[in-house]
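Dock chain F against the given chain B, drawing on the hints supplied.
Residue numbers (this note's numbering), protein chains in the order written: chain B, 80 to 483; chain F, 5 to 530.
No lab work stands behind these hints: they were computed from the structure.
Be aware that one or more of the hints could be misleading.
[What the hints assert, rightly or not] Cut-off 25 Å, straight-line C-alpha distance, at most; resulting in silico cross-link-like pairs (PhoX-like, lysine-lysine): (1) K333/F - K222/F; (2) K271/B - K366/F; (3) K271/B - K379/F; (4) K387/F - K319/F; (5) K413/F - K202/B; (6) K456/B - K136/B; (7) K310/F - K333/F; (8) K236/F - K227/B; (9) K366/F - K202/B; (10) K106/F - K220/F; (11) K136/B - K413/F; (12) K333/F - K379/F; (13) K413/F - K109/B; (14) K136/B - K366/F; (15) K136/B - K236/F; (16) K366/F - K319/F.
[What the hints assert, rightly or not] Selected chain F positions facing chain B (in silico; Cβ < 8 Å): (17) R162; (18) L344; (19) S346; (20) R348; (21) Y363; (22) T377; (23) G509.
Just so we're clear, the structure is a prediction, and the values are computed from it rather than from any experiment.
Every residue, glycine too, gets a C-beta built ideally from N, C-alpha and C.
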Amino acid sequence: MKRILIILASISLIAIGCTREEPMQVRNMKIEFELPSNFKPGIKYANKEVVFSSPYKTYIFTTDNNGILTIPEIIPDEYTINTSWEISGSEYKSIITTNELIEDKATVLLRATLSNYQVFTQKDIKMALDMLVMRSLLISKVYFSGTKDNANRNYIVDSFVEIFNNSDEIVYADGKYLALAESMSPAAYLAKDNPEYIYTRQICRFPGNGTTYPILPGKSIVIAARGARDHRTSASTSVNLADADFEVKDLDGTGNPDVKALPVISSSTSIKFFNLITGAPNAVFIFETDEDIMQWPEYFAPGRTSGERFRRVPISTVLDGVECLKNNAGTGPDVNLKRFQDIIDAGFAFINASAGYVNESIERKISGVVDGRIVLKDSNNSTQDFVIVSGPVPRNYDNPLLLN
Amino acid sequence: MYMKKVIIIIVASVFITSTLSGQIKDSIQKFPDFQTRELQGLRQLWNKTENSAGMGFSNVNTGSLTSINKYFSNGDHHRVQEGSANNGLTFSTERYDKFSEKVYVRGSFAFNMNTEEDRGWSDVVNTYNSNPYIYGSSVRGNYESQNFDLNLKVFSVRENGFNYGFTIDYHVADISRQRDPRSRTYVLDYSIIPSITYSIDNHNYVGINLNYRFDKEKMPGLTTVQTDPNLKYYTFSGLENAIGRIGGYRAFSRQFIGDNVGGSLQYNFKKSNINWLISLGMDAGWQETLGDKKQTPGSFNSFDYKFLSNLLIYKNSYLHNFLLNVNVKDAGADEHRQNLISTRDTLTGITTENWVTIYTYKNRFVSLTSDVTLKWDIYSLQKNNDSYNWRVGVNAGYSSFSNIYYLPKSEYSAGRVIAGISGSYVITANKQRKLLFEGSFNSGISTGAKLNLASQTEIAENILMPDFEFHKQNTAEVLGSVKYTFPLQTIKNARLSGYVRLYGGNLFAGAANWSNFGFAVGILTL
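Just chain B, with the same shape it has in the complex (with noise of 0.2 Å):
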C-alpha cells in the first residue's frame, strides 16, 4: 500500500512539474537601418535611437556603431518601429554625395517606421530609412470630445483645431487647406488599402492673397469647427474660442461677426461646420496644392452608387495630419481602421473616453525652447507626439503634461 502511495505521489509531482513552460521572449533580433544611396558609404546610422512600442510596453534600443540594432531580448508582441535623425541642411550637405538646393538652417528628418510589425519570432529584418525636409505648419490641439453643460447635459458645439509654426520664420495659411478625412462606418477607405491618397470628407480653404494671414514662429491659429464664441457660458469646463482666428462657415454665414470664416469648399455632406465627431474616428490634415482640387476625382464608398461622395487628395500634397482613432469601450483604439498612411501619421492618437463629453484634447508635446521659442514635438507619430489633456485652453502651452 506505502509503495502504491509513493508512486501515485511521484506521478502527481511529475505531472505538476511538466505541465507549465515558461512563454519565452524573442531573442537576438537584428535591424540593419539603410540610408539613402546618396549618402557617403562611410557614413552609418549608428548610436541612433530605436523605439517599438505597442498599447502594452515601449522600448528605447540604440543601434551600435555600424548602424545595426542588437535586440537581446523583446516581449512577443505587435510593435510600431519608429526611429528618426534630425539634422541641419549644413550637415546634410556634408554627408550626401550629390547636390541639391536645401538651405543649411532647414531642418532634414532622416526616418523610418514600420507599423504593426509582428514581433512573434527571431527574425533578422532591413528597414530603409526616408529623408523630408521638415515643413513649418503642424496641428498642435485637436478638441472634439465635447463636454456637459450647465445642465450636466451634453455640450459638442466646442470643439477646435490648432495650428502652430514650428519654425523660425513666418509662415503663411494663406491658401492652404485643412481637411478631414472620411469617418464612414464602417470605415470606407483605409489607409492599408489605399496607400497614395486619402479620400476626405470635408476640405476647407484658408483665404487670402498670400500674405494676409501670417503665423509668427512659435505662433499659432485657432479655427473654430462650429462656433467662435465664449463656450464657457453654456459649458463651464468649455473653452473660450470668441478670439478664433476663424470660424468655419459659410462666407455669408451667421456666426461670430468678428471672426474670419473659413468655408468648406469641399463636402460629402451639406454640413456648413468642421464635423469632428464626438467619439472619433477623426483623421484631421493640413495640405497645399497649386492644382484645383475642385477638379480631383470625388468617389462613393466601395460598394455604393450613392450617398456620400468623397473628395481624393493626395498624400504628396499634406503638410502634417494627426489620426485620432476612436478608444472602443473595452478594446481601446483600432490601429487597423486608420486612414492615414504611415508617411503622414505612423501613430494615432485618442482620447480616454469612448464616446466623448469628457471635455479633453489631443495637444503636440513640446519638444524644447530655442531662442524663446516653443519647440513642439514633430516624429511624425502621433502616439509619441501627443497627449492627452483634459480641459483644453486654446493657444495655451504651459500645461506640464505637454513637457512628458
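Structure of chain F alone, referenced to chain B:
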C-alpha cells in the same frame, strides 16, 4: 433564468413535502436526534469523496435536516476586491431516503441570498487564483447574490461485490451590482459523477469515479443610471496588468465557459474498530473567455490534484476521527493577442467584423495553490454509541498561493500555517432536550508573502499592495456557539426535533478584525 428559479423552487417544495409525508409513514415512537445524525454522517466516510457508490457501505437513517440560517459579518480585515460586510440568509435541506430495496438516495438543496457591501474591482465570482481575465469597477458598491444548489446522490446496495452510484450537482447563481456601472452576472454549474465500488473481501474495498463538470459565467452587459463621463471600467489580464477605460463598460460583455473532466480512486479498509478511507483524484479543466465578435483575451486551464484520508478508530468509548485533506491546483492562462478584422462585401457594402488571434502567449499567467488540512477529533460516546457527551479536536493546516505573470515577470505569493483547537460539550441533557456549547480557536501565522512587480500601475497601488499587507498579517480567530435542541410534535403522530443556534466570533489581525455572528433554526425529521 426565471424558469430555472421556478424549477428549483418546485424541487425545494418537493423536498419539504416528501420530508413531511415520509415522516408520517416512517414514524416510530422516538424523536430523531441531531447528534445521532451527526455521528452517522461522520461514519459515512464516502460522503466526503465524489464516489457516491461507497455510501452504500454505511447508511444514514432516513430523515431530513432542514435549516434556516441568518448571518452577518463585517470588518476591515479583507482583501480589496472583497466587501466590508455580508448580510445573508441561507435555507438548506438534506434528506437521506430509500428509493427501493436496492437503491438509496441522498438529496440536498440550498438557497442563499446575500448582500456584500462596499465591494470593488471585481464583477466576477472567482476573483483569485483563477481565470485572470476578470473585470470590474473601482467604484465600490453593494452586490446582491442569489445561489441555488441542488445535489442528488443515488447509490445501490452491494450486488456481486459491486456497488453503483451516481451524483448530479446543479448550481445556478445570479449576482447583481447595485451601483453604476451596474453589472449582472449569471452562473450555471453542473456536474455528473458516475461511480462504482468493489468489495475485495469483508475488509477491503476499492472504488473509482469519473466526473464531468460544465460551468458558465455570463455577464451580458452593463447599464448605468448616472451619466458620469469619467467612469472607468477595468479589464484585467493578471496581477498588475489591467486596462481601465473611461466608458469602457459600454458595449462590454464577457462570459467564461468551462469544461472539466476528472476522476478519483478510493481504497477503504474496514474492521470492527477501524474504518479508513483514502481517495486520490485529479481534475483537468479548460475555460474559454469570450466577448463580442469572437473577441477572447485568453483561455484558462487548471489541473487539480486531491488527496483525502479519512480514518475512524473506535477505542473504549471514544471515537477518533483523523482527517487529512490535500488540494493542489496548478493553473495557467494563455493570453491571446488579437486584431479586429473588417471584411467588406463590395457588392452589398456590408462589412463584417471579427477578432482574429495573431499570437498566443502560452502560460503567460500561472497560479499554483495548495491547501493542506489535518484534523483530529475525539468524541466521547455515550453507551448507545449514537450520541456523545463532548468532542475535542485539534487541527493544523497550510495554505499557499503563487501567481506569476510573465513577460515581464511579476510575482505574488503568500503562505500561511494554521493551527487550532475546537470542542463541543453538552451542558445539559434532559428528556431529549440538550444544550450544547461549541467553541474553537484558530491561529494563522504568515509564512511569508512576496510581491515583485514589473511595473507600478494603478492596480498595483490600489489592489495588490493592500492585499500584500493583508497576507502578511498573523491572525487569531475565536468562535463560539450555543445550540439548543428540543423535541417537537406538530403533525399527527409525526415526531420532529428542532434546534436553535446562536453563534459568533471574531478574527483578529493586528489592528484589523473581521467579526461574524448569526442565528439558525432547523428541524430534523425521521
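Hints and how they fare:
no.: 1; hint: K333/F - K222/F; verdict: holds (24 Å)
no.: 2; hint: K271/B - K366/F; verdict: violated (30 Å)
no.: 3; hint: K271/B - K379/F; verdict: violated (66 Å)
no.: 4; hint: K387/F - K319/F; verdict: holds (13 Å)
no.: 5; hint: K413/F - K202/B; verdict: holds (24 Å)
no.: 6; hint: K456/B - K136/B; verdict: holds (21 Å)
no.: 7; hint: K310/F - K333/F; verdict: holds (9 Å)
no.: 8; hint: K236/F - K227/B; verdict: holds (17 Å)
no.: 9; hint: K366/F - K202/B; verdict: holds (20 Å)
no.: 10; hint: K106/F - K220/F; verdict: violated (36 Å)
no.: 11; hint: K136/B - K413/F; verdict: holds (13 Å)
no.: 12; hint: K333/F - K379/F; verdict: holds (21 Å)
no.: 13; hint: K413/F - K109/B; verdict: holds (24 Å)
no.: 14; hint: K136/B - K366/F; verdict: holds (19 Å)
no.: 15; hint: K136/B - K236/F; verdict: holds (21 Å)
no.: 16; hint: K366/F - K319/F; verdict: violated (54 Å)
no.: 17; hint: R162; verdict: violated (23 Å)
no.: 18; hint: L344; verdict: holds (5 Å)
no.: 19; hint: S346; verdict: holds (6 Å)
no.: 20; hint: R348; verdict: holds (6 Å)
no.: 21; hint: Y363; verdict: holds (5 Å)
no.: 22; hint: T377; verdict: violated (18 Å)
no.: 23; hint: G509; verdict: violated (35 Å)
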